[in-house]
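Build the full structure now, drawing on both the sequences and the hints.
There are 2 protein chains.
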Amino acid sequence: MRVFIAGIDGYLGWALAQYLTARGHEVAGNDTYLRRQWVAEMESVSALPIFSMEERLEAFHERWNKALIFREGDLLDYEFTRGFLEEFQPDAVVHLAEMPSAPYSMMDQKHSVFTQHNNVIGSLNILWAMKEVCPNAHLVKLGTMGEYGTPNIDIPEGFFEIEYRGRKDRLPFPRQANSFYHWSKVHDSGNTMFACRIWGLRSTDIMQGVVFGTQIDEMGDDPRLRSRLDFDQCFGTAVNRFCCQAVIDHPLTIYGRGGQTRGFLPLRDSMQCLTIAVENPPEAGEYRVFNQFEECYTVEELALKVQEAGKDVGLNVGIQYYDNPRAERDEHYYNPDRENLIKLGYQPHHDVLAEMRIMLRDLMGHKERILAHQQILVPDIRWDGSRRKSGLLARDVVAK
Amino acid sequence: MRVFIAGIDGYLGWALAQYLTARGHEVAGNDTYLRRQWVAEMESVSALPIFSMEERLEAFHERWNKALIFREGDLLDYEFTRGFLEEFQPDAVVHLAEMPSAPYSMMDQKHSVFTQHNNVIGSLNILWAMKEVCPNAHLVKLGTMGEYGTPNIDIPEGFFEIEYRGRKDRLPFPRQANSFYHWSKVHDSGNTMFACRIWGLRSTDIMQGVVFGTQIDEMGDDPRLRSRLDFDQCFGTAVNRFCCQAVIDHPLTIYGRGGQTRGFLPLRDSMQCLTIAVENPPEAGEYRVFNQFEECYTVEELALKVQEAGKDVGLNVGIQYYDNPRAERDEHYYNPDRENLIKLGYQPHHDVLAEMRIMLRDLMGHKERILAHQQILVPDIRWDGSRRKSGLLARDVVAK
Numbered sequence: 022m023r024v025f026i027a028g029i030d031g032y033l034g035w036a037l038a039q040y041l042t043a044r045g046h047e048v049a050g051n052d053t054y055l056r057r058q059w060v061a062e063m064e065s066v067s068a069l070p071i072f073s074m075e076e077r078l079e080a081f082h083e084r085w086n087k088a089l090i091f092r093e094g095d096l097l098d099y100e101f102t103r104g105f106l107e108e109f110q111p112d113a114v115v116h117l118a119e120m121p122s123a124p125y126s127m128m129d130q131k132h133s134v135f136t137q138h139n140n141v142i143g144s145l146n147i148l149w150a151m152k153e154v155c156p157n158a159h160l161v162k163l164g165t166m167g168e169y170g171t172p173n174i175d176i177p178e179g180f181f182e183i184e185y186r187g188r189k190d191r192l193p194f195p196r197q198a199n200s201f202y203h204w205s206k207v208h209d210s211g212n213t214m215f216a217c218r219i220w221g222l223r224s225t226d227i228m229q230g231v232v233f234g235t236q237i238d239e240m241g242d243d244p245r246l247r248s249r250l251d252f253d254q255c256f257g258t259a260v261n262r263f264c265c266q267a268v269i270d271h272p273l274t275i276y277g278r279g280g281q282t283r284g285f286l287p288l289r290d291s292m293q294c295l296t297i298a299v300e301n302p303p304e305a306g307e308y309r310v311f312n313q314f315e316e317c318y319t320v321e322e323l324a325l326k327v328q329e330a331g332k333d334v335g336l337n338v339g340i341q342y343y344d345n346p347r348a349e350r351d352e353h354y355y356n357p358d359r360e361n362l363i364k365l366g367y368q369p370h371h372d373v374l375a376e377m378r379i380m381l382r383d384l385m386g387h388k389e390r391i392l393a394h395q396q397i398l399v400p401d402i403r404w405d406g407s408r409r410k411s412g413l414l415a416r417d418v419v420a421k
Numbered sequence: 022m023r024v025f026i027a028g029i030d031g032y033l034g035w036a037l038a039q040y041l042t043a044r045g046h047e048v049a050g051n052d053t054y055l056r057r058q059w060v061a062e063m064e065s066v067s068a069l070p071i072f073s074m075e076e077r078l079e080a081f082h083e084r085w086n087k088a089l090i091f092r093e094g095d096l097l098d099y100e101f102t103r104g105f106l107e108e109f110q111p112d113a114v115v116h117l118a119e120m121p122s123a124p125y126s127m128m129d130q131k132h133s134v135f136t137q138h139n140n141v142i143g144s145l146n147i148l149w150a151m152k153e154v155c156p157n158a159h160l161v162k163l164g165t166m167g168e169y170g171t172p173n174i175d176i177p178e179g180f181f182e183i184e185y186r187g188r189k190d191r192l193p194f195p196r197q198a199n200s201f202y203h204w205s206k207v208h209d210s211g212n213t214m215f216a217c218r219i220w221g222l223r224s225t226d227i228m229q230g231v232v233f234g235t236q237i238d239e240m241g242d243d244p245r246l247r248s249r250l251d252f253d254q255c256f257g258t259a260v261n262r263f264c265c266q267a268v269i270d271h272p273l274t275i276y277g278r279g280g281q282t283r284g285f286l287p288l289r290d291s292m293q294c295l296t297i298a299v300e301n302p303p304e305a306g307e308y309r310v311f312n313q314f315e316e317c318y319t320v321e322e323l324a325l326k327v328q329e330a331g332k333d334v335g336l337n338v339g340i341q342y343y344d345n346p347r348a349e350r351d352e353h354y355y356n357p358d359r360e361n362l363i364k365l366g367y368q369p370h371h372d373v374l375a376e377m378r379i380m381l382r383d384l385m386g387h388k389e390r391i392l393a394h395q396q397i398l399v400p401d402i403r404w405d406g407s408r409r410k411s412g413l414l415a416r417d418v419v420a421k
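Same order as they appear, the protein sequences are chains L and S. Going by our numbering, the first sequence opens with residue 22, and the numbers climb by one from there. Going by our numbering, the second sequence opens with residue 22, and the numbers climb by one from there.
Careful: at least some of the hints might be erroneous.
Unchecked claim - Coverage of chain S stretches by chain L, computed from C-beta distances (three or more under 8 Å per stretch; other residues unrestricted):
hint, region
1, 60-73
2, 140-149
3, 404-410
Claimed, not checked - Simulated pairs of lysine-lysine, DSS-like, Cα-Cα distance not exceeding 27 Å:
hint, chain 1, residue 1, chain 2, residue 2
4, S, Lys131, S, Lys410
5, S, Lys388, S, Lys326
6, L, Lys152, S, Lys410
7, S, Lys152, L, Lys410
8, S, Lys152, L, Lys131
9, S, Lys410, L, Lys189
10, S, Lys364, L, Lys152
11, L, Lys131, L, Lys410
12, L, Lys326, L, Lys388
13, S, Lys131, L, Lys131
Please keep in mind that the hints were generated in silico from the structure rather than gathered at the bench. Don't be surprised by glycine CBs; every beta carbon is placed ideally from N, CA and C.
And the structure:
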């Protein structure tokens, strides 16, 4: 199949280009390197060194013996987006080109507006471009499990059948996101569902959990083929950030009591799932939702797992609890469905500890990069719009 | 109370400024005259002549013996918005400054993007500005009944208690809007609900039905105090457009079979309701939703009422059925609640025929303005993104 990846220079995009190519698909993509700029703005770097797109493309060509079709450009540039899709004529468009950080979107007015503008208008441009130049292609849209928030009932996959005052209907499941970033993806979901209904587009909206991992097998040993791995407060998500902290002997930074439950999945599972979605398109006009995660864990459970994996590779890992800069519940009901991908063949990896050991070993070779930026490991972006470093909570260091 | 009206030059804004002033409130507002430009872009005019803001302000001062505080400026200009609110220190902000047309938002990529950008970012700027400079003020945000779409169950006011798989929760009612404009207001609702939760802002999100009417009593006889009244396919909503058609002997243009049921209300009821909302603010942190309409009618019922009102004032009014340019259901269940405003004292006007007679008499004096633009009375903006004038359906002219 011909697969277009929007945001191909990113954490998921660069891995997916290789994963799909290894399976015989034809890949093209765009990027405008914003993720590199955002992480620099956070005064951080990727813990794993990443290479320029020119070097990446060269390595890609060497390894797969074919060229990756790449163009630098922004989805906000409609003529660019439309033109590229028109020429490439994809069977599937995987949209990974959004600003993906909750704290980044909460920093101030400018960052909120940037986030919603970038994400909502970029996605709207993809919908219009697909309608105009490749209406039969399948849009695999990256949403987030965070769209749902933490309701006190089970979370189905996008839609639910309900009875209300004696009548029944199948309705979109209500969204209760917890940052302007997460809301931007809720907005996208609405626009995408609508475009499918009125224009007959087909789309899979992926409510993905938090991804962790430093590699997939397809990357081999060439450092130029590795994806980035962030550890700053904006772009370093829980497990990735914990593993980076572990290798420099910084205590893992749990926000609040760590009872927040979320769906998580290793990078290799994310690749497996996205590929399943790509290879099993819905019917024309169909808008379907997949909840995509391996398992639900509390943040504290994952910290304890990193601690255990650390022991296996010779690291003494501490844990500390910081006052939570986010306005979120610490203890809550959380029971999302995850059946659609399983039905299509998704085999969850399940060995989280093994994955963490790989991550720690990968990161131990790059300690100095993390050490050089350790002053950014404690968060200071707060949901009330202020900046103040989180302090330690009374319930303090867990014994090493 | 000190009330800030965003979009004070518009159909609702200009009327509300007078309605509130007549009740002793202190009013300020902004506008950037976009509605005037959009209607010109549709090659139309307001059926009632409207005056420049300078002339309006002069007439306002003459009638109310106090100045209306007005500044030209755009909500997209954050410094302007923040600065104006900071100086005025409102008790309430009534946000009427969005692009309000479904067909306009469906025209093409540019108009879709314009609509969502203008509405979502403008509203986000208001939220940030209120948080920063007047966090205790009450945001009265104009949403639309169109956010809900037409579900097969009753429509509560914003939230509902449901049981699902044996557990209960109170959740936002799912939205299923039917244009990129209506979705922009869904997006606003999400952002506003979130801002109330995390920042302690207070907001009333008004899900308003379709407004009709040429005047409120407060305008008196001064033509400079009159609001605009549009009849083009984008900004002329059902009853307003029908009344304009009636006075020039053009058959009323029903889209499809006219079975679409919606909530409607006269302009004077809209003013009454918005004022009730302003005068009864919610608690800090509270986000509440009011469904605001007088009664539900099918489009055909309203056309028949215009026909009847026409007879009363000596007009023979024909009705024609055109193929529907919108992708919407013609027959559907529709039963929205409307209790919150009633509890606070809203007294629905109910005499729709009397209101229509006033409208027809007002408009008969301006026939030539409508006649000069009669070529735009049949719609051509279609939900599939094409432009093609609607044709007559087989079920044809209803006898005069």
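Hint by hint, here is what the structure shows:
no.	hint	verdict
1	60-73	violated (count 0)
2	140-149	holds (count 5)
3	404-410	holds (count 3)
4	S/Lys131 with S/Lys410	holds (21 Å)
5	S/Lys388 with S/Lys326	holds (20 Å)
6	L/Lys152 with S/Lys410	holds (21 Å)
7	S/Lys152 with L/Lys410	holds (21 Å)
8	S/Lys152 with L/Lys131	holds (14 Å)
9	S/Lys410 with L/Lys189	violated (37 Å)
10	S/Lys364 with L/Lys152	violated (46 Å)
11	L/Lys131 with L/Lys410	holds (21 Å)
12	L/Lys326 with L/Lys388	holds (20 Å)
13	S/Lys131 with L/Lys131	holds (23 Å)
When held up to the earlier numbered hints, the structure conflicts with 1, 9, 10 and fits the remainder.
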